[in-house]
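Each chain is listed here by its residues.
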Amino acid sequence: MAVDPTKPRTVLVIHGVQTGDGADLNQHQLIKQLLESRLGNMPLKFTTDLFRYEDLNDQAQSKYQKLIKLIVANPVGQALTSTAIDLIGDVVTARLDTSTAAKIRQGFKDKILEIFDAGNPCYVVAHSLGSIYAFDVINDLMSEEAFFERQSRRTWPVQGLITLGSPIGLSMFNKGRKRVHALGEGDKMFRWVNYWDRTDPVVSGKMFGQNLTGYEIAEKYRSPSPKQGWVIRDRPVDTGKVWLLAHVAYWDNPTVGDGLFDMVTN
Amino acid sequence: MRTIARNIAWSIALMVLPSCTHSLYHAELGTVNSEGDPRNSVIYWSKTEKLIGAPKAGPILLMTACSTRRIHFDETENGIVFRGTPGQDRIHEQPGTVAEGAICGEVQSVSKTTDLQAGPLSLTVHCEAMTDEFSIRTGLFSPSYIQARQEPYRFDVQEKRSWSLLGRTPDVPEPPTCP
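Chains as they are written, first to last, in the working numbering: chain A, 1 to 266; chain R, 267 to 445.
Just so you know, these hints were derived from the structure itself, not from any lab. Be aware that a few hints might be false.
Derived BS3-like pairs (lysine-lysine); straight-line CA-CA distance at most 30 Å [to be verified]:
#	chain 1	residue 1	chain 2	residue 2
1	A	206	A	175
2	A	206	R	316
3	A	188	A	220
4	A	7	R	316
5	R	426	A	32
6	R	378	A	220
7	A	188	A	227
8	A	111	A	220
9	R	316	R	378
10	A	206	A	111
11	R	316	R	426
12	A	175	A	45
Since we're looking at a predicted model, the values are computed, not measured.
Same shape as in the complex, but just chain A:
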């Protein structure tokens, strides 16, 4: 199969840390609204889709949830602790090389290849911890012989990556992610744009949302080698919100929408 550039674009979203189950997730709808709001009067044909993995995470965490229910008798305390387990569990799952993380990566890869088989150009938008899975899966696909022949974008299952509020700059995610997979000789470039708010605590690892200074998070992966084949841009964005509110404010940020428009149409 090959990608057909004349077919409608697909924006595939992978979510990040969540509470609740997969049915609670609608980030692809938010991305659809965001992109539509930045089209102006351009008739762009596109669809959005969401890869849900929260149910897999919840299954992995169920034994801890049961334990909490035994320990915490108070319903309010139980609810709060359960939410904390849900969120922290997501982080641990993504950080460690667990079987659940492997299942999530495989599921996301299958979803990408489903879109590839249909021939639609696919663009990935990954939020928070979802960006770790996206990074792993895209690099994994690049390492396979069948995909990502550098001079032919028709062989690329993913045409570009946008990450939002990614924790990839934190040392806890360094293991196994020291570099991106080089595409080899050629002049076509894989684009990765990393949007982050300077007060987003998930990006900075600073619990109280102190401003993160400097310019490099994803750009630490840039290489002077012409064989790398990646264009990597860190883009600090003013979401208009602070701290944890900033972490979930990318979905309707028009600057992110303009960046997505720029990527999807080219």
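Using the hints, position chain R against chain A.
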């Protein structure tokens, strides 16, 4: 009585501390694109100032009517610049594409987006768009953006200020209409 007063003071402080002042900067200019067609260009960026902590702003977006490209002027160690993308941009009247990281334009005089104010803003553009089979061309739409030229473009930037308690998504201008 003292406890009540202290609680009221805390409540007020907790309400005010996360409050933000928002500025939306924007300007429109009659320009031509690299194909010589008259196309309006719109520039915008936002800034958020908190009661405590440093302000944050940007990036600066430049939109040209009928263009599928949205040009970002990013704050970098080299100033506020439009970094060209290999395969998508080339220096005007030069063969081949730009090298990764090549500067395709810059905001003049100021190096930090948070320092920019309303009033005249000068910026340069040195590059023009390149296309490949994945570049969408439909009707008048194409990747072609504001024309590269030696002298800077001068935008008359307006500021719109607002205030919010817990922050607000910037209300930015629409992309310029393609005729």
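Checking one constraint from the list: CA of residue 316 of chain R to CA of residue 378 of chain R, max 30 Å. Satisfied? With a Cα-Cα distance of about 17 Å, the restraint between residue 316 of chain R and residue 378 of chain R holds, given a limit of 30 Å.
Measure nothing beyond the straight line between the CA atoms of residue 206 of chain A and residue 316 of chain R; if it is 30 Å or shorter, mark the hint as holding. Measuring from Cα to Cα gives roughly 17 Å; hence the hint holds.
Given the hinted pair residue 7 of chain A and residue 316 of chain R, is their alpha-carbon gap at most 30 Å? violated, 45 Å
What's the verdict on residue 188 of chain A and residue 220 of chain A, does the C-alpha distance respect the 30 Å limit or exceed it? holds, 21 Å
Pair hint outcome, residue 188 of chain A versus residue 227 of chain A [Cα-Cα no greater than 30 Å]: holds, 10 Å
Hey, residue 206 of chain A versus residue 111 of chain A, does the alpha-carbon distance stay inside 30 Å? Violated - the C-alpha atoms of residue 111 of chain A and residue 206 of chain A are around 33 Å apart, more than 30 Å.
For the pair supplied as a hint, residue 316 of chain R and residue 426 of chain R, confirm whether the alpha-carbon distance does not exceed 30 Å. holds, 17 Å
Does the structure keep residue 111 of chain A and residue 220 of chain A at a Cα separation of 30 Å or less? Roughly 28 Å between the alpha carbons, so the hint for residue 111 of chain A and residue 220 of chain A holds.
Against the 30 Å threshold, does the CA-CA distance of residue 378 of chain R and residue 220 of chain A hold or violate the hint? holds, 21 Å
Between residue 175 of chain A and residue 45 of chain A, does the CA-CA distance stay at or below 30 Å? Violated: residue 175 of chain A and residue 45 of chain A sit about 39 Å apart, past 30 Å.
Hinted pair residue 206 of chain A and residue 175 of chain A, Cα distance within 30 Å: Cα-Cα ~20 Å, so holds.
Taking only the CA atoms, is the gap from residue 426 of chain R to residue 32 of chain A under or equal to 30 Å? holds, 27 Å
Comparing the model with each earlier hint shows violations of hints 4, 10 and 12; every other hint is respected.
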